[in-house]
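Asks: Given chain A, work out where chain B should sit, using these hints.
Here the protein sequences line up with chains A and B, keeping their order. So in numbering that gives the first Met the number 0, spot 342 of the first sequence is number 341, and the numbers just go up one at a time. So in numbering that gives the first Met the number 0, spot 76 of the second sequence is number 75, and the numbers just go up one at a time.
The hints are simulated quantities; they were obtained by calculation from the structure and are not laboratory data. Fair warning: this is a prediction, and the values are worked out from it, not measured in the lab. Watch out, some of these pointers could steer you wrong.
Quick list of the computed label-pair ranges, beta carbon to beta carbon [unchecked claim]:
1) P71(B) / S218(A): 27 to 35 angstroms
2) R75(B) / T1(A): 21 to 29 angstroms
3) T335(A) / P71(B): 24 to 32 angstroms
4) T1(B) / T466(A): 54 to 62 angstroms
5) E525(A) / P69(B): 25 to 33 angstroms
6) E9(B) / G305(A): 32 to 40 angstroms
7) A55(B) / K480(A): 46 to 54 angstroms
8) L45(B) / G305(A): 52 to 60 angstroms
9) A182(A) / L45(B): 53 to 61 angstroms
10) V27(B) / D191(A): 41 to 49 angstroms
11) T335(A) / M0(B): 25 to 33 angstroms
12) A500(A) / M0(B): 32 to 40 angstroms
Positions of the beta carbon are idealized from the N, C-alpha and C atoms, including for glycine.
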Amino acid sequence: MTDIPGFELKDLDGETRAFPSSGPSLLVFVKEDCETCNVAAPVVEAFFQAFGKAANVWMISQTSDGSLVLKDRHSLSLPILDDAVLKTSFAFDFNIVPALYWCPDGQSSDLMFEGFVKSEWQDVNEKIAATLKADAAALDWDALPDWRPGCGSKHLDPEIHDKLRADAEDSPIRARKIEVASADDVAEFMFDQGFSDGLPLVPPTPERVLRMLGGTRRSSKEIVAEMPPNMGDATIEKIAINAVMAGCKPEYLPVVIAAIEAVCTDEFNIHGVMATTMGASPVLVVNGPIRDRISMNSGLMALGTGNRANATIGRAVRLAIRNIGGSKPGGTDRSTLGSPMKFTMCFAEWEERSPWDPLHVERGFEPGDSVVTAFAMTSGPSHIVDQESRAPDEIAGTLGLGLEAMFLPKYHMMPVDALLVVCPEHVDTLMRDGPYDKSRLRDRIQTVTTRPLRSMVADDISGAGMTRQAAAKLSDEQLDKCVPKFASGDYIHMVVAGSDAGKFSSAFHGWVTGAMGSQSVSRKIEET
Amino acid sequence: MTIILDPTDEADPVSRQITPRSGQVSGVVGLMDIRKPRGDVLLDELERLLSERMPAVEIRRYAKPTFTKPCPDDLRAQMKAECDFVVEGLAD
Numbered sequence: 000m001t002d003i004p005g006f007e008l009k010d011l012d013g014e015t016r017a018f019p020s021s022g023p024s025l026l027v028f029v030k031e032d033c034e035t036c037n038v039a040a041p042v043v044e045a046f047f048q049a050f051g052k053a054a055n056v057w058m059i060s061q062t063s064d065g066s067l068v069l070k071d072r073h074s075l076s077l078p079i080l081d082d083a084v085l086k087t088s089f090a091f092d093f094n095i096v097p098a099l100y101w102c103p104d105g106q107s108s109d110l111m112f113e114g115f116v117k118s119e120w121q122d123v124n125e126k127i128a129a130t131l132k133a134d135a136a137a138l139d140w141d142a143l144p145d146w147r148p149g150c151g152s153k154h155l156d157p158e159i160h161d162k163l164r165a166d167a168e169d170s171p172i173r174a175r176k177i178e179v180a181s182a183d184d185v186a187e188f189m190f191d192q193g194f195s196d197g198l199p200l201v202p203p204t205p206e207r208v209l210r211m212l213g214g215t216r217r218s219s220k221e222i223v224a225e226m227p228p229n230m231g232d233a234t235i236e237k238i239a240i241n242a243v244m245a246g247c248k249p250e251y252l253p254v255v256i257a258a259i260e261a262v263c264t265d266e267f268n269i270h271g272v273m274a275t276t277m278g279a280s281p282v283l284v285v286n287g288p289i290r291d292r293i294s295m296n297s298g299l300m301a302l303g304t305g306n307r308a309n310a311t312i313g314r315a316v317r318l319a320i321r322n323i324g325g326s327k328p329g330g331t332d333r334s335t336l337g338s339p340m341k342f343t344m345c346f347a348e349w350e351e352r353s354p355w356d357p358l359h360v361e362r363g364f365e366p367g368d369s370v371v372t373a374f375a376m377t378s379g380p381s382h383i384v385d386q387e388s389r390a391p392d393e394i395a396g397t398l399g400l401g402l403e404a405m406f407l408p409k410y411h412m413m414p415v416d417a418l419l420v421v422c423p424e425h426v427d428t429l430m431r432d433g434p435y436d437k438s439r440l441r442d443r444i445q446t447v448t449t450r451p452l453r454s455m456v457a458d459d460i461s462g463a464g465m466t467r468q469a470a471a472k473l474s475d476e477q478l479d480k481c482v483p484k485f486a487s488g489d490y491i492h493m494v495v496a497g498s499d500a501g502k503f504s505s506a507f508h509g510w511v512t513g514a515m516g517s518q519s520v521s522r523k524i525e526e527t
Numbered sequence: 000m001t002i003i004l005d006p007t008d009e010a011d012p013v014s015r016q017i018t019p020r021s022g023q024v025s026g027v028v029g030l031m032d033i034r035k036p037r038g039d040v041l042l043d044e045l046e047r048l049l050s051e052r053m054p055a056v057e058i059r060r061y062a063k064p065t066f067t068k069p070c071p072d073d074l075r076a077q078m079k080a081e082c083d084f085v086v087e088g089l090a091d
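Looking at chain B on its own, in the form it has when it is part of the complex:
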C-alpha cells in the first residue's frame, strides 16, 4: 500500500438545494450585469419585457465592477437582502 497526501484544499463542496419554485414571479427582480460586453443590451430588453408583462414586479439593476473578478461580497449580500429573484447576464 502506498500513502499519498491530498493535494487539494480538502473542502468538500457544500451541496445547496434550489429554492422552492412558487410558479409565479412577484416582488423584486434583480437584473445583474456582470459587465461583459452587450450584457446591458440583453438586460435592458429583459427589463422592458418584464415591465410590460408584469407591471406589478419591481425591477432593480445591479452590476459587478468587472466581469474578470468574483462578485464582491457586499454586492452579493445586498442583492440577497433586496431581491426575491435575480437574473444574471453571464458571458457574451
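For reference, chain A alone in the conformation it holds in the complex:
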C-alpha cells in the first residue's frame, strides 16, 4: 500500500468530495482532449454502475470545460471532480493520463497504473469486485483496444508545472508574494516600488524565479551574505529574484552569487564603496571556462553593450545591493556624480589572446577554475590612446602616462588600485621583440610617471597636492626627490580584452584601496 495525497475537490453539482474517505475509493485522473482518456471514460462509468454503491468511483478531470464535454460525450453519471488548478494532479505526481488509483481502505493506494492496457483494467475490475464482494462490471471488453498510450498529464506542461512547483508547500520560494492587480502595469508598478535602477525590469514571477534557481545547486534558503547598509539577508532566493529582474539567464546565477560573496566581504566593504561621495562601484572581471559556457564577451565591445551575460550579471549584483542591502541614491549612496558603472560593469578577460597568466591564476587560482574578481572603481573605462608607438617600451610608456591621469596627474605615490585593460594591438606591440612580462610593464609605468616631489606641491595652477606649509618644511634636496605615480607596482592590475583591431587600451581608477577602504576580492564560481 502506498500513501497518496489528500484533496478536497468539487464535483459538477458543486458538492465537495474529500479524500481520504471512509470508504474504498477508485480515482481516475483524465484529460478531455486525450483520446485514451475517452477510451477509458465509459469503462470508469461501468465501474461506477457496478461498484458505485459500495465505493467512491470518482473521475478527476484536468479542465473544467472538459468535465462537461466528457459527461455529455459519454453520458456519464459518475461524480466528475474538478482539478482545473491541477494542484491535486501535481501532488499525486503521475506522468500520464488516464491515471488510476485503487484505494481499498480509502486512504492509500493498493494499485496504480497509467494509460490503457486492457488487461490491467480487467484485473482491477476483478480485484475491486473481490474486495467489495460484488459482481464485476459488465463490459464488452472485446470492443476495447488491447493497448493505447496515454497522454502527458496537463500538470506537466512546462509553464504550468513551474507555477505549481512555485506554489507547492515544499517550494523553494519563500519570498513575500506581491499581487499586482490586472489593471496595473507590472513594469510601472515595479518602478513605483523603487525596485529599479532606472531601467525597466523583468517581472520576477514565481515561475521565472524557480527557473532561475535551477541555475545553482545551492539551497534557495542559504544565506550568502548579510548585505549592508540594512544588513539584509542575501539568500540565494533573493539573489535569484534580483537576477531575474536584471535579465539574467539561470546559467549566469552562479557568477552573480560569487560576485555577491566577493563584494560582501569586510575586505571589499560594499558599504563604503556604495556610500562614498566619490561614486565608486564594483567592476567585475570573470575568468575561466564559464566565460565560454555562458557566452561572455571579452573581445570586441567587451566593456560596452550588446552581450547579455556581461550586461545582466553586473546589473543583477547592483540590483541586489539596492534591493537587499538597501543602498539607494540619496539614501546611503551619496555619490556626487555617480557613474554609468553603477548600472552594471562586468566583463571577461580574453585569456587566450593574453601573453600573461590570466588574472585569476595570478591571484592563486587554477587555470581551470572559474573565478570572478571584484574591484571598487570610481571611474573608467578611461581610454589610453596610442596609434603611433611601435616599440615595446614606447607603448608601455604610453600606458604609464595614461595612468598618470588617475584622479589628477599631479597626485603621486598613490596607494590606490588601477585596473588596466590592455587591448590586443597594444599587447602585440609590447611583445614584438619577445616576452614583456607584467612586472616589467609595471616597472615601466612607475618609471615614466616618476616626478620630483616639487611638482606635487599646491601652486597657483592647482591648489591640490602637497600643502604649501608641508612643502615649506622640506629642503630643496628633499623636494627634488622623485616619486612614481603608484605607491607600489602591486596597485596596477592588468587584463587583456578588446577586439583585434584598434590601438585603444583603457583603465579603471580605484577608490580608497586597502583595509581602510576596499580591497579587490576574488571568488571561485560554483561548477554546475
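Replies: Coordinates of chain B only, in the frame set by chain A:
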C-alpha cells in the same frame, strides 16, 4: 493579476522615537569622530566651547576606526553605556 516576488530584504524599518529633550545639557557628552578629514578640528572646537560654557559637563571623545565602514557594535554599545548625549561629526 500578476504575482511577483519581493526583491527586498522584507525588513520593515524599525520606527524609533527621539529621546525626550530635557532642555538642558548635563552628565556626559560624547564627541564622536567618524575619521573624516578635519572632523577632529570641528570636534576640538566644540569641546573647547562646551568646556567653557558648561564646565559641569564631562566630555568624552570617541572615534570610529574608519569613516568608510559602519561603526563597530562594541563602540556603539560603549557610547550608549557611557554617554547622556552624543555629537557625531558627519562628513567633511
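Asks: For each hint, tell me whether it holds in the structure or not.
Replies: Going down the list of hints, with the structure as the test:
Take P71(B) and S218(A): their Cβ atoms lie about 31 angstroms apart, and the range 27 to 35 angstroms holds. Separated by about 58 angstroms at the C-beta atoms, R75(B) and T1(A) break the suggested range of 21 to 29 angstroms. Between T335(A) and P71(B) the beta carbon distance is about 27 angstroms. The supplied range of 24 to 32 angstroms therefore holds. As the Cβ distance of T1(B) to T466(A) is approximately 60 angstroms, the hint placing it in 54 to 62 angstroms holds.
The hinted range of 25 to 33 angstroms is satisfied by E525(A) and P69(B), whose Cβ atoms lie roughly 29 angstroms apart. A C-beta distance of roughly 35 angstroms is found between E9(B) and G305(A), which places it inside the suggested range of 32 to 40 angstroms. The hinted window of 46 to 54 angstroms between A55(B) and K480(A) holds, with their beta carbons roughly 52 angstroms apart. The hinted window of 52 to 60 angstroms between L45(B) and G305(A) holds, with their beta carbons roughly 55 angstroms apart.
At roughly 56 angstroms, the beta carbons of A182(A) and L45(B) sit within the given window of 53 to 61 angstroms. Range check, V27(B) to D191(A): Cβ separation about 46 angstroms, and the 41 to 49 angstroms hint holds. Between T335(A) and M0(B) the beta carbons are some 42 angstroms apart, a value that contradicts the proposed interval 25 to 33 angstroms. Between A500(A) and M0(B) the beta carbons are some 52 angstroms apart, a value that contradicts the proposed interval 32 to 40 angstroms.
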